[in-house]
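Colleague: Chain by chain, the residues:
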Amino acid sequence: MAHVSTLIVILPLLGYLLVLINGSRLTERQIGYVATGVVGLSFVASVVTFVLLLHRHSRQVTVHLFNWIDVGTLHVPAALLIDPLSITMCLFVTGISALIHLYSIGYMHGEKDYKKFFLYLNLFVFSMLTLVLANNLVLTFVGWEGVGVCSYWLVSYYFDRDSASSAGKKAFIYNRVGDVGLLLAMFLLFSRTGTLTYVGVFARAGSLSPTVATLVVLALLLAATGKSAQIPLFNWLPDAMEGPTPVSALIHAATMVTAGVYLLVRMSPVLAISSSGRLTIAIIGGVTAFVAATIATSQKDIKKVLAFSTVSQIGYMVLAVGVGAYAAAIFLMVSHAFFKALLFLGSGSVIHALNGEQDLRKMGALQRFLPLTFPTFLIGWLTISGVPPFAGFWSKGDVLTNVFEHNKILWVLGVVTAILTAYYMSRLFVLTFRGTERFREVTHGHDPHESPWVMTLPLVVLAVLSVLGGLLDLPWIHHDSLAGFLSSTFGYVAPLHAQSTLSQYGLAAVDVAAALIGLAAAISIWRSRTEDERLTPAFLEHVWYWDDFYDATIGRPLEELAVFSDVVVEDEVIDGGVMGLAVGISRSAESVRKIQSGFVRHYALAMMLGTAVLVVFLVARVS
Amino acid sequence: MTTVPVVSSSITIPSIHYLAILPVIILLGASVVLVFATALVRTKVTQFVASSVTVAASVAVLVVTYFQWRCLDSSGPSTTIAHAIVLDGFSVVATGVVAVSLLMATLVAHDWALRERIVGAEYQILALAASAGAVLMTQANDLVVIFLGLEILSLGLYVLVAFDRHRHTSAEAALKYFLLGGFASAIFIYGAALVYGATGSTNLSTMSYFLASNVLTHPGLLYAGFALLIVGFSFKIAAVPFHLWSPDVYEGAPTPVTGFMASIVKVGAFAAFVRVLISALGTQIDTWRPILWVLVVLTTVVGASVALLQRNAKRMLAYSSINHAGFILLGIWAGTTRGVASTLFYIVTYAPTVVATFAVVTLVGGLGDENHSIGGYRGLARRQPWLGASMCVLLLSQLGAPLTSGFYAKYSVLASTIDVGGSPLALIALLSAAIAACFYLRWSSALYSDEPVEATRIVVPLSTGIVIGVGVAMTLVFGIWPGPLVTLCQHATLLFTP
Amino acid sequence: MNVPASWYLILAAVLFGIGAFGLLTRRSALIMFMCIELMLNAVNLTFVTFARTLSDIGGQATVFFVMVVAAAEVTVGLGIVVAVFRRRSSTSVDELSELKG
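Protein chains in written order, with my numbering: chain A, 22 to 644; chain B, 121 to 618; chain C, -2 to 98.
If you are wondering where the hints come from, they were derived from the structure by calculation, not from laboratory data. Keep in mind that the hints are not guaranteed to be accurate.
With a straight-line Cα cutoff of 25 Å, these simulated SDA-like cross-link-like pairs (lysine to any residue) come out [said to hold, decoys possible]:
1) A:Lys615 - B:Pro581
2) C:Lys97 - A:Ser609
3) A:Lys383 - A:Asp553
4) A:Lys321 - A:Pro410
Whole structure, please, built from the sequences with the hints as guidance.
Modeller: Here it is as structure tokens:
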């Protein structure tokens, strides 16, 4: 098992190295297939590990690779932790990565930096798996930074576009703010427990005082808001859509952005100690879900809508974590990975067909031209809207049921968000596939064409998964399903009162009603129009003026501070100081250098003097 | 040396553990074989043959160190030949490093010799002999043996420095090195004589035992003696103010020789220095520590700051190696097991890095070995990405950037210093590293400069390319994954002299 | 006649000092070289003296090693001096200052 599980991580790295070293000798196709192949094999290895784990008595295996850091009291092994949580993550990360790699072969065809794209993609998968499988926080942090860097590279993939490179930078900076949180949490935990392995931290979690635990949880939350695009650090994700669509699907929908949720779930035994910390998490999640959903209703760019939808859905996951429903969070994460990847890839197929057009106002009536994209997208739409029996209905329902138990206000917010979700997705769907043809301008009068099989095959697979995903965790078989499998990983699961079947059905009915209201409203409104100022207010279109707020409160003061620093501090103080120091060093170095006269007798004299000083010093000590 | 007991009719010789001295025998043997081949064979010994013999010898030494390590694991450290030679973890690892340095330096020198049309096996003969001296120093448990090792090492190097007959700076450097080296040797052996007078033995173990069990009423003789020993070592490792020879010699010597001496002299001298200070004079730590404190401060700061002013690559690397010597001294200053282990780690990682760095400098130097201005590196990485990136990695490692072996090396010596309350000293060393960062970064950014420069493409010969690749690989592997090497060094230090 | 051991040691120290002084003041590489030999011989005298006072043969044996080393240094040193002399027709070390800074 140790070997197989090591393979999960090693294979993508191997692919990266293979392409890196042999890249110039391989054709474009070969590069694509090698990169896809290693990730596929990694998926196979995950499946094998999963099966082996199922047959083990103890479902927690540490695979020690080597001693990585061994300094004083800090022992950090490079080791993998195989348990239900990490293997669940591995399965869907490798599975969806493999599909998206395959899709990219078609989508990226003919791009000039084709090789670079697959290199980064493989490196990303490697980092993501490191993050997920690490048995300690330091190694997780390495993966965490790794995915961040790959994301930065891939967002700025079209670096000759200004918007792409500034979006990359924005993503990078927002993520750095979050990283501070993870580092803080690590420092705090190490100072209090003396270890950074998960198992070790959990064993000593009981000794943490509530205050420290709350601080740790808040620091982790900060990390999660950065990586998983939650309030207040959510705004980088929509800009990150500047990257190629497969990247948006893989990194900014299915995998990387859920890393924050994974981290919180992974640290659940610490979360268990701090109820105020958990409440904060729940509020952040609920509010983010709502705010992002409102914004999504007014976006004109197809990928922007999906991006805010991702933020909103992750908000649900964070909300679930906050109320202690960890299994529900993971369930939603997995099903979300299925349908959001499906939607992104579908939108990629649309964009591909329309020569790169992303504006919803220039689409419409595409149903006829995209015979495979249309039905799969339809499934994705119904799934995310929460229509039974698709996966989204079950997973969102699971979250909302748990929230209802703990906090009625947040539950109401959740249901309103569900209505909004159904509404904005229907708007997107109607504007794209129904209504009148508005795309002739961008296609120069031609008919749009369906994508090649490498692109449509992943769509079909993901559509099937979206339909069947609910089977992972149906409410009446909790014990033998995903929730039961995962439960051993969580330190403490909020007890769910034995709800009456009636109330469960009642809640489900509310969910269905919410979905139908949103659906009906959107279809009736957007069937006949493409734009409406009243329904897409500028306030929402401009993301609640969030960027302007940051600009006014942080950006501009900082800029002024920067100008001040540049003029006064930099020129006068720093330049004066540093330059003075530098000049000082140079001057004194210059004088030392004079001793280096080139005359061997001067050198001998220096040695002699040195010796004399030494001898006199020592002999003086005697007397 | 201890007395050899004389019995009436037969002479009992001290027992010899041949495995312990096998590395020295192999290296000297290979050297002698080449000497005879040169003298007896009518046709000239080709570079290929001479280099092959040298490579074979260094590989053989590496194999022997493996068996020595196995032997250590089973029976622990031991001494042999009347306790003059020691076989312990520290000596085995240091011997291995010497062998690796010799191997890498020989491959570089091979291409260099072909480029400069040097015929004959003299270079290899001398390099082998010098390496034997360095190995002897790592194993010596007696001041006289250290002296012999030092002299064998130095005599070989004096000639190697003078090897370039086309550049007169080569002979100048050799003469300076020789005169000052002779001076330092005389001071060293005088120190040994005084310590001998004070303790009654030149053997390190006996000395240590004597000092531990006796209180000296008049320690003046001892102190004067070991002050002189410290001067001798300081000269070899180029600690300020005994460093003045090193920039001139580094610049004047043929570049592959510079790389070779930068690595093996450091290994040999530091190994012997550790042994003398820690195992023989460990009881006198309070006396020698202040001296080392001053040496570390001067060495790190002067090395880093004067390097800033240099425009010649080899000279800059000379000052940089002075700065490194200061850092390595930190581990000895700490005087703890951890300190010694970190010193060993520093040496192990620094040696291949510096050989590979000088391999690049050799290539950039071009025919005649003249082109060594930093300006020559402008845009190298743009023209030849692999070569430029390799140089960049090697420089960053010397800077101590994370993910390179240099980072962990610096970190561990600093940590061991702070462990024993040397925070001010660590801070000063760290400041010097910050100063040093300026010139390393300036150099590495020059590699990636956009300015168009008239430059011919540098041909990278196979064996030099391998050396650079191996050097970079070791730098990165030990940088990302220092664990096993750290464990090895700690293990080696625990298996210190019996 | 009994000569105290300290006299020998002082003589050796004086010889060593003379050697060092000569090394610092003389310009000719050859004479500097001879000064180093003088210093080594002072060391030999010290070793022998201590060997006598300690009744230890090791110190006397060491002298042979030092003598061998001195001889080896002579061969190498003369070789280098000759190499320099050929190029410059002078053995003055003050003319060798091209490498500096």
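Colleague: Can the restraint linking A:Lys615 and B:Pro581 be considered satisfied, given a maximum Cα separation of 25 Å?
Modeller: Since the Cα atoms of A:Lys615 and B:Pro581 sit roughly 39 Å apart, the hinted pair is violated (cutoff 25 Å).
Colleague: Would the hint linking C:Lys97 and A:Ser609 be met if the CA-CA limit is 25 Å?
Modeller: holds, 17 Å
Colleague: Mind checking the alpha carbons of A:Lys383 and A:Asp553 for me, to see if they're no more than 25 Å apart?
Modeller: holds, 15 Å
Colleague: Just to be careful, I want the Cα atoms of A:Lys321 and A:Pro410 compared with a cutoff of 25 Å; is the pair within it?
Modeller: Answer violated: A:Lys321 to A:Pro410 is near 30 Å, above 25 Å.
Violated hints for the displayed structure, listed by number in ascending order: 1, 4.
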